[in-house]
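> Now for the letters of each chain:
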Amino acid sequence: MSGKPYRLPAGGSCIDRAKSISFSFDGKSLQGFAGDTVASAVLASGQRLFGRSFKYHRPRGVVGLGSEEMNALVGVGVGARHEPNLRATQVELYNGLAAVSQNRWPSLSFDIGSVNNKLSRFFPGGFYYKTFMWPKSFWKHVYEPFIRRAAGLGKAPEERDPDSYEHMHIHADVLIVGGGIAGLTAAEAAAASGVKVLLVDENPVLGGIADLSAGKIGDTTPAAYAASAEARLRGLSNVHILTRTTVVGHFHHNYLMAFERVGDHDPALLAAGAPRHRLWKIRAGQVILASGALERPLAFANNDRPGIMLASAVRALVERYGVAPGKNGVVFTNNDDAYLTALVLKQAGVGVRVADSRARPDGALVQQARAAGIEVNAASVISAVEGSHGVKAVKIAAYRKGQGRVITETRVDCDFVAMSGGWNPALHLWCHNGGKIKFDDAIASFRPNTHGDAIAAIGAANGTMNLAETMNEAVAAGEAAARAVNGKAKASKIKLPAIDEPQRGALEPLWFAPATGGYNEGNKHFIDFQNDVTAADLELAQREGYESVEHTKRYTTFGMATDQGKTSNINGLGVLSEATGKSIPEIGITTYRPPYTPYSFGSIAGALTGKLFLPVRRTPIFQWHTERGAVFEPVGQWRRAYTYPGAGEDKHAAINREILGVRNKVGLLDASTLGKIEIKGPDAAEFLDRMYTNTFSTLKVGKCRYGLMMNELGFLTDDGVTVRLADDHYLMHTTSGGADRISAWLEEWLQTEWTHYKVFVTPVTEQWAQFAIAGPRAREVLQKLESDFDVSNEGFPHMSFKTGRLGAYPVRIFRISFSGEQSYEVATPANLGRGLWDAILDAGREYGIEPYGTEALHVLRAEKGYIVIGDETDGTVTPFDVGLDGLVSKKKADFIGKRSLEQSYLKGPNRKQLVGLLTEDPQEVLPDGAYAVREVKDKPPMEMIGQVTSTYMSPTLGRSIAMALIENGKARMGEVISFPLEGGKVVKAKITDTVFYDKDGGRISA
Amino acid sequence: MLESKFESPLAHRQSAAETYVDIREVSERGMIDLRGQPGDKKFMAAVKDILAVDLPKAPRTSATWGDIRVLWLSTDQWLVTCPRHRAEALTQELTAALQGIHSLAVNVSDMRAVIRLEGERAREVVMKGSTLDLFDGSYVPGTVRRMRFAEIAALLSILEDAVIEIYVFRSYADYAWEFLIKAARKGSEVALLAPEAKGAA
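Those protein sequence lines, which keep their order, are chains A and B.
Start counting the first sequence at 217; every next residue gets the next number (the working numbering).
Start counting the second sequence at 27; every next residue gets the next number (the working numbering).
No lab work stands behind these hints: they were computed from the structure.
Treat the hints loosely; a few may be bogus.
What the hints assert, rightly or not - With a Cα cut of at most 27 Å, we get these calculated DSSO-like pairs of lysine-lysine:
(1) A:LYS919 - A:LYS974
(2) A:LYS497 - B:LYS83
(3) B:LYS68 - A:LYS974
Same shape as in the complex, but just chain B (with noise of 0.2 Å):
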């Protein structure tokens, strides 16, 4: 019988060291990109049937139930995170809820990769590469939002205060890493920007 055998993004690099925020590949996870309209009750309803959780409609937010979370992308169009092992049942069960339903479920799990970074400085590291303020105190955990990352698109996810992922498209992992390595180099601190501080009322 012919194995297959998995290779994730960055399996090439090896751990990242000498950094001042901890980087890795999350090379678990299942992604399922799912298109339809959030006005159409029917179609709210079966993927609520199928994945326990609302799909979330205000920008820039995410919702989680279990070990599923749901990223909001754009007005029609969401990213279902789960386990990988899960991505592609699920995805044939919500395929199969909403048959009759304008929609669209497509497996992507293998599309994006995945860094995640973790550290009282993380999010520091992310502005050496990004115009966002991610000091303004918007930036709450669950907050998810597509931005330019260096010279590449990306999509950032808020899991907790000092707990960031980054998703870029495969073929960008490299580059992603690299960068991420070299802004997070101990000794490249930014000693001043407290973390702490927060934004007017």
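Just chain A, same shape as in the assembly (with noise of 0.2 Å):
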């Protein structure tokens, strides 16, 4: 739908006439100016459909002025970066912008959902409930993906998002949110005693609705007096500013979230590198909610046709955009404020009539109206509005309260509605965290009552509705702010100018406007646009039960949609206290809950996308591993090279070709991840005796020790080798996911518990690079690495640990091994650590050395039957469990966990215990995780008696091996159990010890 352009010839206080923008919607090129949103530049060019309704698909315009727009909500942007349910009131033009209008198909103006309209008799309150019950299948299969496909607001982009996002901390000692008169005044009253202000506010421009309300404020208007406050503001070091920015929510403790919109209104921001959203977290001391209140709609009959907007948006549309709304319209109201309106369009040339639901309207504005030539019906409602894409005409009815029905009416052609219902102050905020509001019957609205927290509300969000009362409160309420946070501050000393208004006559409620005709019948009185709710349904939804009004939410949807009730909540409560007799109090309102307006994943993700969606740990040798193509694993928030497939080869193949190369060859292991710790002072051998199962305090300086850990519980937490560095100082080597919880874990003990003790704990992880050369060759390779010490089998036998030197590199050295061959660690300082591995793999070249990732570590240490901890243990096992008894001292007074070992569940029979297994297939690879079972059945449940631990395809042996815990395992020696698989497949394995390999340990010493 399409008319005459509606741009008046002068006016409009945001728009640059001289700034021509050239922008789309739905495809059709059109023209605005700088200033303008989508919804002023779009109605100005005689467009009034914007999107069809959620249930309904009934046609829909514009009817608000900013964030509360429930119906224009649009998609922006074009591929990657469209962006759906937008608001067009919000939206700022830009040249090239691309807006589409969102649940509609296959086009705007003829969508074929929109016989839903047709059938509404068959969706009535609470539809969802009734109608897809049965039968049960249909709801997943028929239904829900018609519901999906039908309804649903905007599309979200399939494609990754292209632009960036952050976050940004900010601390305040007064947050002012909202920065119309109220916000500004308090802003300048907290800020003059020096106290760090923020002055948050979701438009553009500040000085809220300054611009569209009457009065003087000393000699100038509202608006000008605005502008003026906000210079001052402006010329304030203490005082940040923030438009575009929407506080969403209010936590515990004054913590805020704030939505800043920093370059969706232009392109080039962007292009300059800017963020496209800014999520602000804010503390602050004290909150000042000066956000202001929203106009509420009238509820009559298809009050929700295009052209029908609230009357402070038609007055937006007049004042800021120049932009008439049609040629001929009624103002509806039961306020005064809404006369202004009526003023403003007269005063513009457009044509305008009142209807007044009041029986006697006559404050000041009334009476303006009246003198300049303003027709007001008085004691009347609109009954019936004509049209369906737009409006035709209107019936105004003769109206007094509690009536029912529609006596008389005259019909009257227009092409717009401004109504007004009065307003409800804005109080999402507010209740976030649980303020209390309370009832005012002069604005037929809540107000904020009690807060638990350090906030208050001034001026409109506050229910005061006129101009001095809210400027005393406002300079009050910073004034009082800033004392709370500096005791010492001092008066603002602002001098409030005189304020003339004009004086205004009481509101009366109307909840709802008779129609004519059948109620109901083709007549839809819609409360919440958004979600299509009438006043029948709300009703309905009373007679059917849902009598709390939180029911009558669930089952209605009402103030459930991407607006949450801003303008539906009041008005919903109005219709449920006529239709139940109760007072709007003793109803009850629905749970306020952020965000006050969506906001974007992508500022809720911030900078944390992509490389930084997940912090990676790298190692020193993390470069070279990607470079040699390593397929990577996460060990922790390590990235540890799992092999390096050569070109062509696939990972099993490169796996068996490292295990070969480290049994028969030598092969080389970034080991930097191993948990390092440094433990020293006069007690730390009996420390770790405490700490240990085994026994520390006896190892020899310059000796290794492998050591078991457990919790207080009897249960394996930890293992690793620990040396003796000097009599009071250990080194001790942990898992590389268990370093972090292993020395808190020592800390904790320190700290808490063994306080007397003189222990010093620090983790030195990250400060060696260290690798593991493992093979028969391994001392052919150390010896061509110029060490100044002896690396003969005798001086550096197997679990001895060595200081020194490979050439220039300075190296902590230990003979220990998880391969089960001749094997060395040597750890060098972390940024040496490259170029030594570098210098070991030149040495090696000759004896083929391989490096050697992850995979095969696992294998070669399985083949040996070295247990991992979080493999063989699942946080249930105990070091007796995995036949480590002899790790366990018999000698020592006590330990962590001893006690637990002596109960007798730990003790007595039937444990699960560690054993071998050998398919009788040799080729066949128990899958990990299999469950043994006592006898196999046709089908489950069988009952269980272990679970495999670890399983692999040993190259070395050929065949496959595995470990698992099977009750009472080591009594099961050379039984053959049966792990029932999927599909019915059993697969047969004996029990055997755990060492595969090298079952004498020669290698090892060799």
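Got two chains here, each in a separate frame; can you build the complex from them with the hints?
Put into structure tokens, the structure is as follows:
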């Protein structure tokens, strides 16, 4: 639908008529001016229709002024930059902007879904619950896909978001939400004492609705006063002002979240590197809520037709954008404020008359309107609207309070309606964190009452609807907030100018305007426009027993859409009040939840996407692994090289090559991730004796010992090799994943239980790059590396330790092995790691050195029956269960977990014990975690007797090997047990000991 | 002779360009983790003998003498920073001087990466990843504290009003660098956050 352009010849405080802007709406090229919103520019072009409603697909147009807009939701941007569900009243125009309407198919003016409107008899309140209950399978396969396609609002883009986002943290002494007259005045009052003030407003310009208000502040207009206050504030270094920023939530202890639209309005900013959105995380000492009020629609028959707008929105259209809402309109009101709209329209040369539901309106503005020659019909309501894609005419009927049906009515040709049901304070932020509210008959709405946090509401947000009181409240609140932050803060000395504003007549609530014809027969009184909930739906919910307002909300979906009931809430309560005979406070109010307006997922993620999605820890050899084509595996936040496939080689072949390289020649492993902790002090030896199951006080200086650690419950939590560097000085190794946990564990015992111990614990994991050189030729490689110490087998036996140099590299070197081969672990300061790594590869080349990854490491250790904490243990496994009885001291007086091991169920029979497994078919590899059963049956349940903990194809042995925790496993050597797998397959395996290779251990000390 | 080759944690990164705060890696820093009891006069005296500076006892402070700067880490832990080439010898001197005194000095010069931010808006860049209020007036030069930065642990050291160093564990250096160059990207300045704004007295 389009018509004659509606741009007025002059006026429009927000637009710059010298700067023309081209944009498109649903593919159609349109022109607007700089400063326009999509709503104002499209309306100026003559188009009223913006979208289709959620349930009935009724044609809808712009209703509101800003963030409360519920109908004119548009998608903006194309491709990856498309963002759905934006309020057209808030989208600022830029050259090339592409907006599309939503929720229509195939086109906006012809929409198949609008058949729902014709069938609306079958879509009453609670229709989801009623209609789609049976048969059950239809929900998933028929109803839901249909509803999802037909309903829903905008479409999410499918490509990756090309823009950037970020978070910002800020602490403010005083946060002021809303930059209207109230917020600006409070900011001046607070800032005068020097405290840090943050003033946040969701609009591009400050001033709130000062420009739409009547009266004088001193000798200037409210708008001019706001501009001068803003200028004064911008000159202060202790005031930060954020525009285009919505405070979306208020949480405990005055923690607030604000959503800044940094670059949405200007693609040039994005191109210059600005984040598209920024999420502010605000800690405020004091919060002053100056968030204003939202105008209420009126509930009259077919009040959702395009062209029916809030009176304030109509006023803004004319005053801010120089756009006429139509040629001839009707202002429908129950209060004086809307008369300002009538006066503005009249002055702009637009035809207007007023229908006022009150019997005797006579405030100053009413008199002004009459004096200006505007026809005012008192005791009148709109009882019908003609037209579907726009307004053609309305019927004005005589009304008296409590009247249920229309008796006399007059048809009036018009093409728009400006409605006003009064104003609701924007209580959302007040209520997010438990603020209490009270009903005020004077405004027929709720207003703030008490709050547990340091927060105050002022002005319209506080239900104060006149300028003089608002400014007094603002000064008082600003000064009080400053004093609360700084007890010595002086009064601001702000002298408020004299305020002259029109005397207002009282508002009379009007929750329902009677309609022409039968109730709800083609006459829908919309309460919640966005979710298509009518007055009749709410009444139906009451009749069906959904008496609690929270039940009504869920049953009808009233107040649940993206606008969170901004315009519908109080009207809905008014309807319920009339339907039940209870007062609105008795009915109560539904919960306000964050966010105030939707904010983008991008802003929530902030910068933490892509490479920053998860912190990844890199060893000093990471770059080499990457260049070598390593496949990585996550170990905690580390990325460790899993294997290094060569060209055309698959992972399995690569792993086998690496394993055989270690067994037959020599391998090199990056073991830098191993936890390393220095422990020193006169009580270090005793401390370690308590932490480990085995004894470290007897360890000789320069020697290594493998240790087991339990928790107090007697279950294994970590293991590793610890070295005695000096009498009172040890170096502990932990598992890679356990490094942080174990150092915290050691500290906890020292700090909370054994505070008398003189022991220092310093984690040094990252100081060292550490590599295992393992294999029968390891020593030869070491010899080539110019060691300044004896590397002979006799001079450097298994489980001993040396410090020295390899060439110019300072090293700590441990003769320890996790592969069963002759093996040295070499540690050098991390920044020298890569150099030494390269030198070892050079030295090892002639011996065929193979870099190997973590998978080869795991197979090598499994061939030797070495456990891995987390594979063979799961938090319920004792040292006895894994056959390491020999490492549990019988002599030590005490150690962590000792007492628990004495408990009957940990000592008793039928514990699961670690065993080796050899499958009957040597090429069959058991799946990891496969269950062994006592007896195989046709189908589950079968009694389980244990599970596989590690399982591999061993290239060394040319057959599969596995370890498992099996009930009474040690007593079952030689027994064949069964593992039923998926698909009825059963794998049989013989129980053996856990050492599959080099049982006498000769290779390790060769 | 096998020569050693030094490679700093961020050697693989190109220098930061297109940022509104100067960002670079400090690789010449030596670091010693020192443990001891501040109530132990012998310990304090022995350390001062070597470092020529009193260990700071007040939380979140540091002390400087010449090219040595000591950062308070906790009630019994300090990070002694010095030129890298001096770190090993200094560690040995400390260990020798502290013989018989309950203490632990470890050369940890390679354990952390140090990233230096310099520029009027350095504090703002840090606050994009940290909840600390670096504008509250207590973050004077010399302040040191640990913080959660983006999603990792970091040590914050304020050298001058507009010069900040961030210490992170070596393995997280690449992550921290990536975050910083993104946070300080030109065009993403938070224009309204006036650095001169100070909190109430």
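> Does each hint hold? Answer for all of them.
Evaluation of the provided hints:
1. A:LYS919 - A:LYS974: holds (23 Å)
2. A:LYS497 - B:LYS83: violated (33 Å)
3. B:LYS68 - A:LYS974: With Cα atoms ~16 Å apart, LYS68 of chain B and LYS974 of chain A stay inside 27 Å; holds.
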